[in-house]
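Next come the chains, spelled out residue by residue.
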Amino acid sequence: EPEVTQTPSHQVTQMGQEVILRCVPISNHLYFYWYRQILGQKVEFLVSFYNNEISEKSEIFDDQFSVERPDGSNFTLKIRSTKLEDSAMYFCASSLPRGRYEQYFGPGTRLTVT
Amino acid sequence: GQNIDQPTEMTATEGAIVQINCTYQTSGFNGLFWYQQHAGEAPTFLSYNVLDGLEEKGRFSSFLSRSKGYSYLLLKELQMKDSASYLCAVRDGANNLFFGTGTRLTVIP
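One line per chain: the protein sequences are A and B, in this order.
Our numbering puts the first residue of the first sequence at 1, with every later residue one more than the last.
Our numbering puts the first residue of the second sequence at 1001, with every later residue one more than the last.
It cannot be assumed that every hint is accurate.
No more than 16 Å apart at the CA atoms, straight line, and that leaves these computed lysine to aspartate or glutamate pairs for EDC-like [to be verified]: (1) Lys1057/B with Glu1077/B; (2) Lys1076/B with Glu1056/B; (3) Lys42/A with Asp1005/B; (4) Lys83/A with Asp62/A; (5) Lys42/A with Glu1041/B; (6) Lys1081/B with Glu1041/B; (7) Lys1076/B with Glu1014/B; (8) Lys42/A with Glu1009/B; (9) Lys42/A with Asp86/A; (10) Lys42/A with Glu3/A; (11) Lys78/A with Glu53/A; (12) Lys57/A with Asp1092/B.
For the record, the hints were derived by calculation from the structure and aren't laboratory data.
Fair warning: this is a prediction, and the values are worked out from it, not measured in the lab.
Turn these sequences into a full structure, and let the hints guide you.
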């Protein structure tokens, strides 16, 4: 069964450093998303991406964040200058664009900022 | 804005039935999803409702009333492996999901 994959599974970085989280969505999906989940809290929407551009973004997704689809398979989330409060699990998801099509989530990248 | 409420924790006995409620107030509605999330893992899809009524899928059923902003997830014949968090999520017109805080279900023998 096709699945969303994410790398790395765990990333430790120092405050102020840049990180890039990588995702490979399901191959025939057209919508891509990033969510984050701070430990013990709810899953929060960050950004959606369709047709090579951002469709929607939340208040959390400020100028420190960016997304890119550098080739036909990868979808990346970059945090330019990490803060302690960026420590969270980051989930990538993908979906078909219409109807009931559910979003399939990757296993997540646990980001720890020290 | 999006406001999605569900109970924080529930406990139920193996073999029993449990109902997890979700109420929502959202700007834009394009379906309601239930996801299961085991600790430290990704959410996995359980069910989807966009019209009023009950959707049944094996041991899991989900109900929606759009006029009341209300949904529930019904789990029958509970098994120990059903111990997990159950996330109610509303999809807006732009296909983005907004999650509730989740209900942590503990199944006891």
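Status of the hints after comparison with the structure:
no., hint, result
1, Lys1057/B with Glu1077/B, "holds, 13 Å"
2, Lys1076/B with Glu1056/B, "holds, 11 Å"
3, Lys42/A with Asp1005/B, "holds, 11 Å"
4, Lys83/A with Asp62/A, "holds, 13 Å"
5, Lys42/A with Glu1041/B, "holds, 13 Å"
6, Lys1081/B with Glu1041/B, "holds, 14 Å"
7, Lys1076/B with Glu1014/B, "holds, 10 Å"
8, Lys42/A with Glu1009/B, "holds, 14 Å"
9, Lys42/A with Asp86/A, "holds, 14 Å"
10, Lys42/A with Glu3/A, "violated, 23 Å"
11, Lys78/A with Glu53/A, "holds, 15 Å"
12, Lys57/A with Asp1092/B, "holds, 13 Å"
Comparing the model with each earlier hint shows a violation of hint 10 alone; every other hint is respected.
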